[in-house]
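Listed here are the chains, written in short residue letters.
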Amino acid sequence: MNELFILMKSELLVTGLLFLLLFIKIGKGIKNESLLLIIQSLLLVNFIIGFFFNKEGNLFDGMFNTNGLIALQKSILSLGVYLISLLFADWFKKSEHMAEFFMLMLSALLGMFFMISSGNLLIFFLSLEMATIPVAAMVNFDLDKKISSEAAMKMILSSAFSSGILLFGISLVYGVTGTISFAAMPAVLDGSPLMILAFVFLFTAFAFKLSIVPFHLWTADVYEGAPFATTSFLSVISKGSVAFIFMATLYKVFQPMQDVWYNMIMLLSIVTMITGNLFALRQQNIKRFLAFSSIAQVGFILVGMSSNSPAGTASVVYFILVYTFSNLAAFGVAAAIASQTGKEKIDDYKGLYQNNRFLSWVLALALFSLAGIPPTAGFFGKLFLITAGASKGNYMFITIAALNMIISLFYYLKVVRAVFMDKNDFPVEKITIQFSTKLALIICSTGIVLAGIFSWIYDYIQALS
Amino acid sequence: MMEPGLYHLLFISGALFFIGVFGFFTRRNLVTMLMSIELILNSVNLNFIAFNKYLWPDKMDGLFFAIFIIAIAAAEAAVAIAIIINLYRSHGSIDVESAEELKN
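Going down the list, the protein sequences come from chains A and B.
Take 1 as the starting number for the first sequence in my numbering and just add one per residue.
Take 1 as the starting number for the second sequence in my numbering and just add one per residue.
The following block holds chain B by itself, in its conformation from the complex:
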């Protein structure tokens, strides 16, 4: 049985990041798009923790960064969901295709 190393973790976080980006660009439901952004943020968290553990174990910067990212993600999701609820009230749908009045 092989011990998981830095490269395995980086592979997982890179995959998560691009799944998030892919989801953000292909999904049309606002809540799913928000979830895709959460995936991106979590891949970053994983990156920070992995770098902290394997490369710079004597500095705690990465760990603290991950904690702050969790807090900021919560704040961002709160505002985003408030906006989505307002959008639902005015448009009756949370599909991005329904909101298309602003075009040049």
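Excised from the complex, chain A in its bound form:
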């Protein structure tokens, strides 16, 4: 009994927060400002408790399992949610339904926690749905905007379709193996054609959620239509959690079929990087630009994932930590500019440096980190991913990945050039930033710098994986 509380502590904590928010909302009479402060401190507590009382073990006959690495992954997700609550304070305070937004976000987070810990296809499916359905409602949160409801429609239809495909795959897996437990599955996987078909269905569903290329079509539209807080949640936390569980299933469950999935991952990774990069080149809207850049980043995550080794696990987890900092910083700056001036075009960013020194530097640092330029942590993230990928000895693949890094430099630096060097007669005027937004941007920038300098962070992740 006691063990249940310790092993499921992050889930129970998030559930507690959800109920607390519900009661606060029912009681009403609290202003948005003070409610936001309460929520931020609760999320901070949630993040800090993630580091204590970690214990390895499983519950419910192996349906739920946890260990040090899984606890760390949960902490990364909690950190992301905490940073989101700080970054978009401006938007939250104006929003009429702030408590509901956080309830949806926390229930999606709860689903992700269960998904990362799942040891059974049934729990995995239920938690995946729990992590997806609230996000579709979050996309629709700008109720009066036309594009928001269009984006939500695209999101819910594509995610419902992908879960249909996932379920068909699971039903075939059940038919072939007779089990839905992750632990019992590797022994009975036989690599028969039907099993490979079932695996392709499962892979497709993951590819939908991670927006790997043939299934990425919803990404840019949903990112553009959704409010900034939702967009950053989708691109960082939702994507990170799916990457974690995808990696775990590939390494643990589908280990006997690694020859099959290595080729699939390699091919899709190449296509994803190239398509993401080429489409990012021609984007004018900053949200669409970041959407395609995040597609390209997923391609790089797949490079590390293809290694099928503990080094691969460590590099992916480290990269997602760095990616959380860099992408949230970029979205935070873009949201600060959009909420005060309504400008979302990259052309409007010309001459941003004249009036907004701080925002320009944070944006530049975030984009350098996303591009992978040495002093920032993004460089080490990519370096570890590519080194892990190279351990398979497929140098053609690694060369293509490295060339794609160079292409990506072009479009990231294009934005940096617009901010610092291009002249503009009407540059963005001085923007007043909320204190909490500033705090979150500073946390992100220090994270970007320090995660690269302090080698113990990577060593710690490697020791766990």
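Any given hint could turn out to be false.
Capping the alpha-carbon separation at 25 Å, the derived lysine to any residue pairs in SDA-like fashion look like this [as the list claims (entries may be wrong)]:
{"id": "1", "chain 1": "B", "residue 1": "Lys-103", "chain 2": "A", "residue 2": "Leu-281"}
{"id": "2", "chain 1": "B", "residue 1": "Lys-103", "chain 2": "A", "residue 2": "Gly-342"}
{"id": "3", "chain 1": "A", "residue 1": "Lys-145", "chain 2": "B", "residue 2": "Asn-29"}
{"id": "4", "chain 1": "A", "residue 1": "Lys-146", "chain 2": "B", "residue 2": "Ala-78"}
Calculated from the model, a selection of chain A residues having no Cβ within reach of chain B, i.e. all distances over 12 Å [stated by the list, open to error]:
{"id": "5", "residue": "Ser-34"}
{"id": "6", "residue": "Ser-41"}
{"id": "7", "residue": "Phe-47"}
{"id": "8", "residue": "Gly-57"}
{"id": "9", "residue": "Leu-72"}
{"id": "10", "residue": "Asn-120"}
{"id": "11", "residue": "Tyr-174"}
{"id": "12", "residue": "Leu-189"}
{"id": "13", "residue": "Met-257"}
{"id": "14", "residue": "Glu-429"}
{"id": "15", "residue": "Ser-436"}
No wet-lab data here; the hints were simulated from the structure.
Values in this document were obtained by computation on a predicted structure and should not be read as measured data.
The C-beta atom is built at its ideal place from N, Cα and C for all residues, glycine as well.
Add chain B to chain A, keeping to what the hints say.
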């Protein structure tokens, strides 16, 4: 008269699945698209029940999975319909072609 076996059921569920996929890609009405997804989910249910009955009668996993799928399908349809109603309010139509502001 022939007894229906596993292959008959798999044939029906496979046909249902692809009818659902076809409907999802060809229909332009949002509610019809939602119905196509329900077809896909029901084909999966049929798959689970058939595998459970004919291949693994001693394990109840498939049956439980089918029950959970029904519940999740209801939740998904509720959110989807809420979104569709909101779309109807802002666009005045539930045709996907009417919602086309987001393009690159």
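For each hint, the structure was consulted:
| no. | hint | verdict |
| --- | --- | --- |
| 1 | B/Lys-103 - A/Leu-281 | 15 Å, holds |
| 2 | B/Lys-103 - A/Gly-342 | 19 Å, holds |
| 3 | A/Lys-145 - B/Asn-29 | 21 Å, holds |
| 4 | A/Lys-146 - B/Ala-78 | 20 Å, holds |
| 5 | Ser-34 | 30 Å, holds |
| 6 | Ser-41 | 30 Å, holds |
| 7 | Phe-47 | 28 Å, holds |
| 8 | Gly-57 | 23 Å, holds |
| 9 | Leu-72 | 29 Å, holds |
| 10 | Asn-120 | 9 Å, violated |
| 11 | Tyr-174 | 6 Å, violated |
| 12 | Leu-189 | 16 Å, holds |
| 13 | Met-257 | 20 Å, holds |
| 14 | Glu-429 | 28 Å, holds |
| 15 | Ser-436 | 30 Å, holds |
Of the numbered hints listed earlier, those contradicted by the structure are 10 and 11.
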